Amino acid sequence: DAGVTQSPTHLIKTRGQHVTLRCSPISGHKSVSWYQQVLGQGPQFIFQYYEKEERGRGNFPDRFSARQFPNYSSELNVNALLLGDSALYLCASSSQGAMNTEAFFGQGTRLTVV
Amino acid sequence: DQQVKQNSPSLSVQEGRISILNCDYTNSMFDYFLWYKKYPAEGPTFLISISSIKDKNEDGRFTVFLNKSAKHLSLHIVPSQPGDSAVYFCAAARFTGTASKLTFGTGTRLQVTL
Chain A
18 DAGVTQSPTH LIKTRGQHVT LRCSPISGHK SVSWYQQVLG QGPQFIFQYY EKEERGRGNF
78 PDRFSARQFP NYSSELNVNA LLLGDSALYL CASSSQGAMN TEAFFGQGTR LTVV
Chain B
3 DQQVKQNSPS LSVQEGRISI LNCDYTNSMF DYFLWYKKYP AEGPTFLISI SSIKDKNEDG
63 RFTVFLNKSA KHLSLHIVPS QPGDSAVYFC AAARFTGTAS KLTFGTGTRL QVTL
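Taken in order, these protein sequences are the chains called A and B.
Residue numbers for the first sequence follow the working numbering, beginning at 18 and rising by one.
Residue numbers for the second sequence follow the working numbering, beginning at 3 and rising by one.
Hints in this document: simulated from the structure, not taken from any laboratory.
A couple of the hints might just be wrong.
Where chain B lies over chain A, by a calculated footprint (3+ residues, C-beta under 8 Å) [to be verified]:
hint	region
1	49 to 60
2	63 to 76
3	120 to 129
A partial selection of chain B residues facing chain A, derived with a Cβ cut-off under 7 Å [what the hints assert, rightly or not]:
hint	residue
4	G45
5	F48
6	F106
Being a predicted model, the structure only gives us computed values, none of them experimental.
The beta carbon of each residue, even a glycine, is placed where N, CA and C say it ideally should be.
Construct the entire structure; sequences and hints are all you get.
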């Protein structure tokens, strides 16, 4: 069974550019969440999407946006990249929106902003 | 405001002994607590969870204890094995009407020595 897949695995961008990260959830899972993990910290919640609707948003600027497609895959977009956006971006899928007791994570996309 | 704290950044334990990883939280509204293990270049892997209405959950070598009055939980691994060497994240979940969000601690790096 395929787990959560993220692409690309690594990415280098220049300050001010835009980036799109992609996530395919586990088959049958309808919820996708995005997390940012900066070196030495735990993952920080960015967004949750369930049934193609945004269900939760963390404390991130409007430069961060996301969407979920009819096949439940998801994209995370970050505009006007800053050096501080360099991090590991993790996608997690789960079968439910609320009352979700377990999230399965992908391997992440390592974004470096130079 | 760090709502979930792991005050020990690292822990070294001899193979066969017990590993005890600790986690404190401040928000009494959390509904569920989870432990994730993370190897380098991989996403977090779910280990074990516990509902806020319970005080213990066991799964093989892993046991999680919850002390609600102290807002403290711990993960016990016994016996510890070299393959357990990884970073362990404590996470807390709060369920709203339509979403769930994980709040992570900063992680504890466990090293199991021979």
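Against the structure, the hints come out as follows:
1. 49 to 60: holds (count 6)
2. 63 to 76: It holds: at least three residues are needed, and the region 63 to 76 of chain A offers 5 whose Cβ sits within less than 8 Å of chain B.
3. 120 to 129: Contact hint for the region 120 to 129 of chain A vs chain B: holds, 6 residues under 8 Å.
4. G45: holds, 3 Å
5. F48: holds, 5 Å
6. F106: Result: holds, 3 Å to nearest chain A Cβ.
Checked against the numbered hints listed earlier, the structure breaks none of them; every hint is satisfied.
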